[in-house]
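Since each chain comes alone in its own frame, lean on the hints to assemble the complex.
Read off the chains here:
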Amino acid sequence: MSERSERTVRRSDETPEHPDFLWRDPEPRRHYDVVIVGAGGHGLATAYYLAKNHGITDVAVLERGWLAGGNMARNTTIIRSNYLWDESAAIYEHALKLWEGLEDDLGYPIRFSQRGVLNLAHNLGDVREGRRRVNANRLNGVDAEWLTPDEVKKVCPILNTSPDVRYPVLGATFQPRAGIAKHDYVAWGFARGAYQRGVDLIQNCEVHGFRRDGERVVGVETSRGFIGAGAVALSAAGHTSVLAEQLGFRLPLQSHPLQALVSELLEQVLDTVVMSNSVHVYVSQAHKGELVLGAGIDAYNGYGQRGSFHVIEQQMAAAVELFPIFSRAHVLRTWGGIVDVSPDASPIIGRAPVDGVYVNCGWGTGGFKATPGVGWVYADTIAHGRPHPLAEPFALERFVTGALIDEHGAAAVAH
Amino acid sequence: MRFVFDGREHIAEPGDTLAAALLRNGVRIVATSLYAGRPRGVFGIGAEEPNAYVHVDSGGGETMLRATQVEVYDGLRARSLAGKGDLGTEPDTARYDKTHAHCDVLVVGAGPAGLAAALAAGASGARVILADEQPALGGGLLGARALLDGAPAADWLAAAAARLAAMPEVRVLPRTTVTGYHDHNYLTAVERRADCLADPPPHMARQRLWHIRARQVVLAAGAHERPIAFADNDRPGVMLAGAAASYAWRHGVLPGRRAVVFGAHDGALVAARDLADAGVEVAALADVRDGSVVVGTEADADGVLTAALIAPLGADGRPAGAPERVGCDLLAVSGGWDPAVHLCSQSGGRLAWSDEVAAFVPATSAQQERSVGAARGTFDLAAALAEGSDAGAQAAEATGFQGSGAELPTVESVPMDRQSPADERPFGAGRALAGRPPAAFFCVEPADEAAAGRVFVDLQRDATLRDLRRAVGAGMTSSEHVKRYTTIGTAADQGRTSGVLAVGLLANVLGRSMTDVGTTTYRPPYTPMSFALLAGRDRGRLADPERITALHAWHEARGAPFEDVGQWKRPWYFPQPGETGQPQDTMEQAVLRECRAAREDVAAMDASTLGKIELQGADVGEFLDRIYTGVFSALKVGRCKYGVMCAADGMVLDDGTVSRLSEGRWLMTTTTGNAGVVLDWLEEWLQTEWPSLDVRCTSVTEQWATVALVGPRSREVLAGLAPDLDVSNESFRFMDFREAEVAGLPARVFRISFSGELAYEINTPSWYGLALWQAVMAAGVTPYGTETMHVLRAEKGFVIVGQETDGTVTPQDLGMGWAVSKKKPDFVGKRSHQRADTARAGRKQLVGLLPDDARTVLAEGAQLVTGPPPTPPTPTHGHVTSSYRSAALERPFALAMVIDGAARHGETLYAVDGDQVTPVTVVEPVRYDKEGARRDG
Ligand SMILES: Cc1cc2nc3c(=O)[nH]c(=O)nc-3n(C[C@H](O)[C@H](O)[C@H](O)COP(=O)(O)OP(=O)(O)OC[C@H]3O[C@@H](n4cnc5c(N)ncnc54)[C@H](O)[C@@H]3O)c2cc1C
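Heads up: the protein sequence lines correspond to chains A and B, in order.
Take the first sequence: its letter number 214 is residue 336 in the numbering used here, and every next letter is one higher.
Take the second sequence: its letter number 477 is residue 482 in the numbering used here, and every next letter is one higher.
Looking at chain B on its own, in the form it has when it is part of the complex (with noise of 0.2 Å):
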């Protein structure tokens, strides 16, 4: 396979990832570090990794990868960063999927003991899910040397992944990294699909976010290895030790010639025994246990590594003595492993530190969850496996299966006593492993404070022991403080190899214990997510549903612009040829003849999205009575009224009408914004408040298409559509209600105007909806939009909810106190009408507005002052809520809220909008047929 790195082409084998690869070619710089502009090489092996993070500029193309877990494909194109990603200006079109999964026992992580724990749940017959991140089975077992059953862990592993393949409930996710631990045992996870193919098909979700609900979690993420601090311990060279001896061992690649191995714990010999017997020569061993150190390395002008210096331990804790110089090529280090205990501490478990283990560890479970093996702190292999398997069968247990844990193999681990065919030094004798402890040692006292500024405490973030100890100098003693102050924990590889060096500087620094100084909280993702995977589908068009009418198709057809209205498209205005110009010019044409055909002639409007909701039940009228200010439950069948709802603080919240349809049933129509705010609200009063009324709300929006009809040939088309339907003025007078056929359909007839003008809206249930429209259509009538529906209720001074009010508004301020009933013992707001500055005058009241040139149209948001020019502060007394160019008033006009309106008729005021202000005079919101004459005619 072949690769492009920074340019040049290199040769990976199968199964490498990024960094493996790297290695193999020799590539020893792979970034630049963030602040001091420092050569770094590959430090670890998984997600650990905080040196090498590279942007993938081949196949989707991605940013700020770990090149630790980048698999590398024929055709690979990487570049190395420094620090920082690179957006790039191209965005990721990919397509990435969500799914949702239940299961009994979630597995995370697949090594020995999480295999174990699946193989034991899933013989109960649980439903199982095995998430790994890693592209193959087996986690720590990969590359492991430790005879299973007598023969190598692969084999093991091959058997193990067919067991759990040949049972049916067990689902087993590969290169799935579970990233959240969530509330009631839900967990998020990332399944990575196209980006380890050259050539994926074109149907294939890039990445996969799976939601999944767990019943019972075993967490057996294993664990990272730590590091051990000192001066320049950041060099290309420097690594962890368990990482080194897995590339041997795993990838088959070799990270150096010749290494020096620096640990605090026995992991640190076994990974030094195995780069000896990989070929690597183990040029020495400093071990802090028997004092021996690390202090510092030397490099070669590009800065890569070419020995470490090795000192004695004083009894002081500080090196004593002059180092000991030791030519090398990787400096292999080893504090000790950090168990994985992100999930668990996400969950809401908390942590402890333990002396036995010189880590962190679970110590207390907040959610159904286990966990096993390395991730809390079990690093024998067969240990872990026993754990896995006891906790598979008790999770299966626990969500009511018979386990039975799983059949064992028997472990061999390669002895220590044998001599390293490399290296002339033995690794057992005088260095027994049993019974040695892990020695907590987290730092090498730097010779001097330039020294100490050379201390690597987080590489990715160039963190040191000096902004370290400068963060406790100046006073903290919270980790939080000092991750906040130094930045220590805080880059994209999260702080796998730097979070818990900086709790044990801390503690040792404020000689305070490591659990109780505690390390900052976990927070999910465990490994970052991709934007655009969190989106998901939920892009473009889809970003948010279109509702759309029975008629849209028709509306399209006419070329009419559309609104947003919530997530409906409303029609606008329907343009005609000849009505042409900029945009703005088209609707204003195209407007101004809808009006005049809705004032003089006939016109008619897709009504479909008010909002309607069907309420039934014994006591509708009681339930009305308390949710509207106006009386309703003396509205007769076959009858409508209009109403206005406030809020608990007495503004107007929503309005509408009410239609009894028969004894027990009633259609509520709102606003199209409020619809679903206002199914909300009766709901929430019905259920919370009043759960002994008799009342059933039903949403019924989209079963019913609305034509508004209007104008003074209305009714003359009405009746020609509904031969059977008497329209006359005295049998279908002003609100009422009718059923009815038009023009063949099922259709319920209300006399409703919202207009002005004789009017009717005529509802059929939406299939019908098209060929009622198409009726009205060829009836003569003139289609109109949103635009001029506004414009003619602006003409009646009629409100908008939203638009003349916006939360602050009561009715009596919109002069509709007619609405509010003075009788009925109580009303939702009708408490807050009493407050001292509710029901104080002078409130803002709405009002008309003409502007005194007569031309122009004022601009909505516009705000009103008394004088011009403003020079600020100057007090507003209101603000235009509305305004447009009237056909019927041959003139511009506003409606607007202003302080004390009511009172202030004739009164001029300056409409303040940007740089441009224009004299207006205050008049009553009323402009058009004020009797109503038109309406009732």
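Chain A extracted, bound-state conformation (with noise of 0.2 Å):
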């Protein structure tokens, strides 16, 4: 018998052992001191640090399906905090300084790849933004460089920067500490940090009402019965606006289909990330090997987890048009989330209307990136029942002041 055909799969490095013990399902207690409502990235990470930072232990995730299988799930993993406005890099860039350490923090692989993010630029206004992007990054020590089109195509080869194009490449910005890490492996790390430090992690427990005690909320009413809570942090990403709703106040936030796909597993072709908000794509190459890409947002609101096809395919004409050797590759699967987008494209984080509810939503299409920096200063939030010096710009009075942190007309770049 051959070494060849006896050998056993031992995972190379690309793909990495997990570790052999992530969490347990235990039955819900009748009461906790913190109730997460969501175990997306956001409601797992609040969770470690509740317990991490904080102390706080008698804390429930709780889940309507599986845990992590929402928008945490489903995005396509960009990591950057090349925004704008010093409030929003204030809180990606802590994001991704915590990032920068989270391997070693959580003692998980979630194969965090610090390959560089290229947001191109296709007409006069795109290169006015993102010069004054990057200018704006560079006094806010967030790490970023304007490219010239010959230096978009140093970093990145297989790109069609060639004047020929409907929308030539006029520059990039370019963030060489972003990148992407593994979803999954992420949201499992936090979680198993959370279990660990004596957190409950509680699937299919949907939350469908609350229970208040005058103004102050004292519980959830939960698929699995009634649930006790001396606080309760709503994370629900796309659904927020629901259980806004079910505790009696609105909030500024419209939930769209989000859709990605990836192809099949393909030798190594592109080694950096690549953005283009004007022609609308956005791509990177996972450590496997299957090409990652992004559709935009669908137009209508909604709460299906389905998007239209017409969008996935404009999403490919603008993706073999940038790259002109994707030509051959191919979608082998195509799925959508439900994202909250906010009237300024920032977050809402902070104390709701109800006493002892917080919130931390309308992250829209872009808030992996800042998995473990709202953990983090959500977290502090909820333990100390003010906001966190991060958080407190993106409180929601914002929308009765007109304080917004606007930056889809400015950063422009949607994830």
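In case anyone wonders, no lab produced these hints; they're calculated from the structure.
Hints may be right or wrong, so weigh each one.
Now the in silico label distances, taken between C-beta atoms and shown as ranges [what the hints assert, rightly or not]:
| id | chain 1 | residue 1 | chain 2 | residue 2 | range |
| --- | --- | --- | --- | --- | --- |
| 1 | B | G20 | A | T270 | 32 to 40 Å |
| 2 | B | R355 | A | G336 | 37 to 45 Å |
| 3 | B | K829 | A | Y422 | 31 to 39 Å |
In silico lysine-lysine, DSBU-like type, Cα no more than 35 Å apart, as pairs [said to hold, decoys possible]:
| id | chain 1 | residue 1 | chain 2 | residue 2 |
| --- | --- | --- | --- | --- |
| 4 | B | K828 | B | K849 |
| 5 | A | K275 | A | K410 |
| 6 | B | K89 | A | K410 |
| 7 | A | K410 | B | K829 |
| 8 | B | K828 | B | K574 |
| 9 | B | K849 | B | K935 |
| 10 | A | K219 | B | K103 |
| 11 | B | K103 | A | K275 |
| 12 | A | K410 | A | K219 |
| 13 | A | K275 | B | K829 |
| 14 | A | K275 | B | K89 |
| 15 | B | K829 | B | K641 |
| 16 | B | K646 | B | K835 |
| 17 | A | K174 | A | K410 |
| 18 | B | K829 | B | K574 |
| 19 | B | K646 | A | K219 |
| 20 | A | K276 | A | K410 |
| 21 | B | K849 | B | K827 |
| 22 | B | K89 | B | K103 |
| 23 | B | K829 | B | K849 |
The structure presented is a predicted model; accordingly, all values stated were derived computationally and were not measured.
Where a beta carbon is used, it is the ideal one built from N, C-alpha and C, also for glycine.
As structure tokens, then:
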């Protein structure tokens, strides 16, 4: 028998060994100090930091489906911190710094890969805004460079930077420290860390109502019965507005489908992340070799996790236009998530209008990158009953005062 | 037919798939596995194939195709892959088409059930589309041995095809895979056209993407054979049993000489019989239901199968006792048939495990669809035909046709008790088929942990039983988690041979029911679709429509470079001979000259791209009062007015002018890039908030060509072109509008200025646009482009929406409080202007900047700080929005948005762009003719 035929499967370093132990499913207890609604990346990270940073471990994370099966399982995992405004740069850069130590902190091979992110400019307006953002980033201590088309070509040789495409590449912003990570592993890493510290992760447990005592929330009604809570922290992404309605307040959120897709495994062709907002496509090649591409948002509102086919067609046209060699790749799987979009394309973090309730939502198309950062500041906010300094500008009140942090006009980059 | 595989030439027979041809030529190793590097052979016969993925080099070339679905043509060149595709360096330049179709009944799959459905629906007169991914109709009947109406199945197939062809409303699409089932019975399908041809005609699209809107759908996509997992189940020579038999009977290819058949249902026995009848020696038959299983295999030095190890099953469901070694070169395995429930699941239908069928079957329908035949677990041929016919008739009836079912053939299967000629052992006696239910059996327990690492659940991903157990051990209880932990089911075969296995294993370990564990969600597409196909013709120049003005050819002939503004191509500047050097230098020289012409003489620009919306109705004035920040209802006929509109958050959305053409007709202009946005915005308010207003909006952007005539001599030029028009300052005032004949053409003339000069905008119907422009040029006017337009307006401190503004700027921030009515009770954005942060002092405000060295042209996008050199974090005080070299000012200047800018004139700031830091002085934004004397003169 040949050596070749007898080899058992030893995962090369392309697929890391997962830990032998992640978490166990407990029965829900009758009361917790803190109940987090939604076991996406944000809910899990919040539970982890509540336990780790604040010693608050009487915590349950309630998830209506399987753990981290919402947007956390569906996003294209782009991580960057090159946002325009100081407030955004501060929270995303805080997250990026955490990402840089997260693999060690969680003891989990989360495949964080700082391969750089290019944001392409295709018209003079893009160029202007790109440079503006690069300069703002540098003043904020966020690594950022402006690249000419030739420099772009060096970073990403397979990109079509010739002038004869419909919208030629006129330059790009580049953040070398940006990159991607493996979403599931991140979620499981946080879940394991939280579980080890005593947090209950309760799957198949849908919150469908809240119980109040006067102005104050005292617990949640779930598909597995009533669960009492000292504080309730919403982290339900695309479904936050549904929960807010049950609590009797309205959030300035619109939920939209957002789709993504993967190709089959391919030999390495792309070792950075490329995003184009004008031509609308963003792509990276995951560590196993599949191309991961995100599409545009579907224009209509909805909670069904499926988007429109023509959006995928447009996205592929853009992909092939910018990366001619992608023409031979195949779409293996498409899917959709539901993203919660706020009027200024910035998140809402802080106290809700009901005592004991906290909100974290509005991350829209770009909250994966914030996962450790938001977990950190949200946990701190819950632990102290007041907004963490980085969360302060993102309070719900800004829609009353008008102190918006508008990230679509200038950053003009969705993810 | 000759073809080349991995550099070696072979001979194929017509009708061969690449997999069949490889088996025919004795090629046993067709791939190397992804991680373990183990040799792999052909495993299946269709879309379920997990091993044999190839790269085709001939023709247009394509990567990661299943050899089981590649049709061989003379000259085909292909190579094996190790679980990963190779994109190469050359793009696929083949043509891909898209088409749309509507039908009453779409039948997916042309096996017996699908054919019966199509015949029944077609007979009713309904519009039917029948799609099948194979080149020939027949599905499971291809190569089948049953007699239909006493004749070979092929005869009935030929007759059925002929009947369908004779039905005028039936369209049959072979080589067409229905890939997606979306909402509202909207399905997509991929038709392969040129790929099967050695020499396709050049006009032929390689593939065609169908967008099908079907009123009713019949899903008859058949079933995929499911293996059973055991140690070393991945050797070349281990195959699905039904697939092995089909190669023999359909392609005349024996996938082995001596076979062991291992199964858990009657289908495996049928396969064994068929293999034997085809001339394969069936050395042993292991039927789980008889307590006999394959526990492992042996291989030769190349890793190719040489023997199967068979052992009895103990009472605990584990193998018991020493295995018997049976030499073989084919191990035909069949754990059962999994109905192709993919499309049903995609459509929103739910699945449930059926003990009777031992498979997941459709349980609920979410859309107008019915599953029939093997696709719903009906494997008996006669029953499948009847089901198909009923479904076809019902579907036709549901769309208003009178259905009556198809005429069905009698079915005679090959009796099982016939003695196999090639083998002593009978397949009938003691193994009666009737009434033997299938066993739900997924995996033979390996001897030890090491062996569990060689029990392959997902062959393509090299994922094993050990991986799955680790996932469960780690605490994972959901099939979605297990899939993600182990990667089972995520490969290019989309888990067709591994998905249900994994569910079965999980259900066993967790002690839960199959339905409870459930499959992972089936997502489109059904089989992988090429990027190029999805892109279709929307590539290159067709990636997005190019909008050009009526004057475009003239600009091109004059050598103007173009700027993309939205979809428009706008001339950027008009270089002249002598203006040389790098593009940047040429532009600077041209722009300085154009600017001088506009300020000192007369110049003209093609302004046709400005959005133009005509508003009609009794309430337009009231509507505009609500939409703009200023008052428009009082505008007199023949007058124009500048306006700013805000979004609900009070931030500037767009600006432009409104002219009152007559009592009830108004013309609004918008910025070039925002024309569509503004029209949507107007319609949104009219349709959702103020439906009672009598206002109709029509885009007329493309109906009019616009020439902006600018400069001190513009009046003189206009007078020459329009002798009948009184152009005197008294009768044709600033912001007047006149209809006139200009250069003998019907025209609207507006005295509007975006440059600060005496200026006119002349509109003429688009088809006269070029004539008007030529007449203007003939009068000795200098043409100018968008860059000069930018400089001229910036010298005057006029903003460009999207350049000075970015969605965070109010009219007041721009120093345009004068454009915001204090008297109107309401307008869009008014309430937001009163919010604490929006109303506060010290917001970012528009200013001018003068670089202290009077030489440097600041970079647009530079940030402004209070002192050099900035070390992070340095708070920014604003940014440069526009920056130019000015001919009129004889120096560079810029516009910027600066915190509390209006109060900081005279202050020094530092503009930071990359590593470059330039001191600048804050000044007021209007740098030229502040009094407006030139404009009004
Ligand atoms: C296609 C796509 C691509 C994306 N790409 C990127 C990207 O590249 N980079 C990036 O930074 N971001 C990206 N995002 C956005 C990112 O995924 C989200 O912003 C982020 O995941 C949201 O936080 P979360 O992980 O907590 O959300 P989720 O994972 O959606 O978590 C919310 C959870 O709440 C649960 N829940 C909802 N209602 C209830 C209830 N009543 N009771 C109990 N549980 C409930 C849900 O089931 C879900 O598990 C993308 C999103 C999508 C859809």
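Hints and how they fare:
Under the hint 32 to 40 Å, the C-beta atoms of G20 of chain B and T270 of chain A, about 55 Å apart, miss the expected range. R355 of chain B and G336 of chain A have their C-beta atoms about 43 Å apart, which keeps the hinted 37 to 45 Å range intact. With their beta carbons about 33 Å apart, K829 of chain B and Y422 of chain A fall inside the hinted range of 31 to 39 Å. Of the pairs offered as hints, the one joining K828 of chain B and K849 of chain B holds, with about 25 Å between alpha carbons and a cut-off of 35 Å not exceeded.
For the hint pairing K275 of chain A with K410 of chain A, the CA-to-CA distance comes to about 24 Å; that is within 35 Å, so the pair holds. Taken as a hint, the K89 of chain B and K410 of chain A pair is honoured in the structure, with Cα atoms around 9 Å apart against an allowance of 35 Å. Restraint check for K410 of chain A and K829 of chain B: not satisfied, since their Cα atoms lie roughly 62 Å apart, outside the 35 Å limit. Proposed proximity of K828 of chain B and K574 of chain B is contradicted: the alpha carbons are some 41 Å apart, above 35 Å.
For the hint linking K849 of chain B to K935 of chain B, the alpha-carbon distance of about 22 Å falls within 35 Å, and the restraint holds. Under the criterion of a C-alpha separation no larger than 35 Å, the hint pairing K219 of chain A with K103 of chain B is inconsistent with the structure, at around 47 Å. For the hint linking K103 of chain B to K275 of chain A, the alpha-carbon distance of about 32 Å falls within 35 Å, and the restraint holds. As the CA atoms of K410 of chain A and K219 of chain A are separated by approximately 25 Å, the hinted pair is consistent with the 35 Å bound.
For the hint pairing K275 of chain A with K829 of chain B, the CA-to-CA distance comes to about 54 Å; that exceeds 35 Å, so the pair is violated. For the suggested pair K275 of chain A and K89 of chain B, the alpha carbons sit about 25 Å apart, so the restraint of at most 35 Å is met. At roughly 18 Å between alpha-carbon atoms, K829 of chain B and K641 of chain B fall within 35 Å of each other, so this suggested pair holds. Distance check on the hinted pair: K646 of chain B and K835 of chain B sit about 20 Å apart at the alpha-carbon level, within 35 Å; holds.
In summary, the hint linking K174 of chain A to K410 of chain A is supported, as the alpha carbons are separated by about 32 Å, within the 35 Å threshold. Among the hinted pairs, K829 of chain B with K574 of chain B is inconsistent with the structure: their alpha-carbon atoms are about 39 Å apart, more than 35 Å. With a C-alpha separation of about 52 Å, the suggested pair K646 of chain B and K219 of chain A falls outside the 35 Å cut-off, and the hint is violated. For the proposed pair K276 of chain A and K410 of chain A, the alpha carbon gap of about 23 Å is at most 35 Å, so the pair holds.
Between the alpha carbons of K849 of chain B and K827 of chain B the distance comes to roughly 21 Å, so the proposed pair stays at or under 35 Å and holds. The suggested pairing of K89 of chain B with K103 of chain B holds, with an alpha-carbon distance near 28 Å, which does not exceed 35 Å. At roughly 26 Å between alpha-carbon atoms, K829 of chain B and K849 of chain B fall within 35 Å of each other, so this suggested pair holds.
When each numbered hint is compared with the structure, violations occur for hints 1, 7, 8, 10, 13, 18, 19.
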